[in-house]
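Visitor: Taking this note's numbering, I'd label the letters of the sequence shown as residues 1 to 378.
There's no promise every hint is true.
What the hints assert, rightly or not - Derived EDC-like pairs (lysine to aspartate or glutamate); straight-line CA-CA distance at most 16 Å:
| id | residue 1 | residue 2 |
| --- | --- | --- |
| 1 | Lys284 | Glu273 |
| 2 | Lys300 | Glu273 |
| 3 | Lys117 | Glu130 |
If you are wondering where the hints come from, they were derived from the structure by calculation, not from laboratory data.
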Amino acid sequence: MLNKLNPVQREAVTCLDGPLLVLAGAGSGKTRVITHKIAYLIDQCGYAARNIAAITFTNKAANEMRERVGTLTQGANTKGLVVSTFHSLGMNILRAEAGLLGYKPQFSIFDSSDTWKIVGELTNSGDKQEIRDIQTQISNWKSAFVSPGQAAQIAENDEAKVHARIYSRYQGTLHAYQAVDFDDLIHLPVVLFKEHPEALLRWQQRLRYLLVDEYQDTNDCQYQMIKLLAGSRAALTVVGDDDQSIYAWRGASIENLHNLRKDYPNLHVVKLEQNYRSSQRILKVANHLINHNTKVFEKKLWSDHGIGDPIRIYAARDDEHEAESVMMKLMSHKFEHRTRFADYAILYRSNHLSRAFEEQLRTQRVPYTVSGGTSFFE
Numbered sequence: 001m002l003n004k005l006n007p008v009q010r011e012a013v014t015c016l017d018g019p020l021l022v023l024a025g026a027g028s029g030k031t032r033v034i035t036h037k038i039a040y041l042i043d044q045c046g047y048a049a050r051n052i053a054a055i056t057f058t059n060k061a062a063n064e065m066r067e068r069v070g071t072l073t074q075g076a077n078t079k080g081l082v083v084s085t086f087h088s089l090g091m092n093i094l095r096a097e098a099g100l101l102g103y104k105p106q107f108s109i110f111d112s113s114d115t116w117k118i119v120g121e122l123t124n125s126g127d128k129q130e131i132r133d134i135q136t137q138i139s140n141w142k143s144a145f146v147s148p149g150q151a152a153q154i155a156e157n158d159e160a161k162v163h164a165r166i167y168s169r170y171q172g173t174l175h176a177y178q179a180v181d182f183d184d185l186i187h188l189p190v191v192l193f194k195e196h197p198e199a200l201l202r203w204q205q206r207l208r209y210l211l212v213d214e215y216q217d218t219n220d221c222q223y224q225m226i227k228l229l230a231g232s233r234a235a236l237t238v239v240g241d242d243d244q245s246i247y248a249w250r251g252a253s254i255e256n257l258h259n260l261r262k263d264y265p266n267l268h269v270v271k272l273e274q275n276y277r278s279s280q281r282i283l284k285v286a287n288h289l290i291n292h293n294t295k296v297f298e299k300k301l302w303s304d305h306g307i308g309d310p311i312r313i314y315a316a317r318d319d320e321h322e323a324e325s326v327m328m329k330l331m332s333h334k335f336e337h338r339t340r341f342a343d344y345a346i347l348y349r350s351n352h353l354s355r356a357f358e359e360q361l362r363t364q365r366v367p368y369t370v371s372g373g374t375s376f377f378e
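Please build the complete structure, drawing on both the sequences and the hints.
Guide: Spelled out as structure tokens, the structure:
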């Protein structure tokens with residue numbers, strides 16, 4: 001099972017002596033490390049699958065991880081293995097322990113549209129931006145473990161005092177409906193564990209080894225959940241990269257990487273620096289840009305894929321000019337090399353940027369599909 005891993009990946013998989021941080025650069029095989037470690041724990045270390053939890057940020061990543069582990073264990077018993085998002089794990093904890101917090105096990109989970117309606121009714125306002133701002137403020141308070149009472153105490157102006165009152169009424173409304181929101185799925189398990197040590201002990205005995213993917217994207221609430229579950233045993237592997245932290249806007253903090261060192265003085269760090277995805281030229285540029293970032297841990301990505309083609313940078317005036325220029329390059333290259341449209345891909349940072357490119361593709365009558373999303377015109 002370990003033969004297909006490079007020496008550093010193998011070290012990360014077999015390291016069980018205390019808490020481990022796998023500092024995984026882009027394209028370095030972090031998912032392979034996590035899935036092989038789960039299989040290693042089951043096949044070689046005697047862990048029951050039900051005593052292992054692997055936590056990630058998306059259902060897609062969780063499903064992929066589960067499938068890979070099933071392939072690696074080759075029919076070994078993986079029943080009960082927890083591979084889930086933070087929210088899914090939090091929901092399962094709350095369902096099992098609901099009575100301790102005054103909820104029924106069948107409590108409802110309100111999504112953002114449900115909470116939008118509640119906040120709108122409480123504010124008696126049709127101002128969409130105001131409602132959105134209050135939703136965001138409540139979410140931030142919960143992530144920072146600020147109760148409605150504490151929010152009122154720290155309010156520095158009239159607007160903040162109004163928001164704190166709405167927060168209090170909002171929580172009362174949720175409880176009256178026997179409902180929680182998405183933030184509660186992380187926030188309430190932490191409250192539960194701090195107020196009811198017997199519940200924490202039950203879950204520490206159930207989940208005896210924890211693995212956390214995309215650790216750099218965790219917020220304080222998620223870190224507290226992991227820290228409590230890991231307990232003094234600290235049978236824990238987290239995989240992350242401070243250079244890939246992109247969710248500061250929703251409370252993610254690379255401070256959690258600092259906290260690992262502070263909370264676990266015996267933390268072992270393994271760096272995955274070999275990139276299997278890109279050429280050395282791309283990595284050289286990436287390393288140059290990354291060097292400007294605030295560093296928690298130093299690393300240097302490298303590749304054995306060769307130097308690679310030159311990188312061209314084009315500064316366009318606006319989105320439309322950019323799309324037009326890309327289309328001209330594409331059509332010129334296709335004509336020169338007698339290729340197919342299916343041989344090309346246009347990559348963009350986020351889905352809303354597809355509009356200008358799709359307009360150009362339609363104007364030129366170029367057949368295309370949108371991968372991983374929907375067309376702007378659908």
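Visitor: Look at each hint and say if it fits the structure.
Guide: Hints, one by one, checked against the model:
no. : hint            : verdict
1   : Lys284 / Glu273 : holds (13 Å)
2   : Lys300 / Glu273 : holds (6 Å)
3   : Lys117 / Glu130 : holds (13 Å)
Checked against the numbered hints above, the structure breaks none of them.
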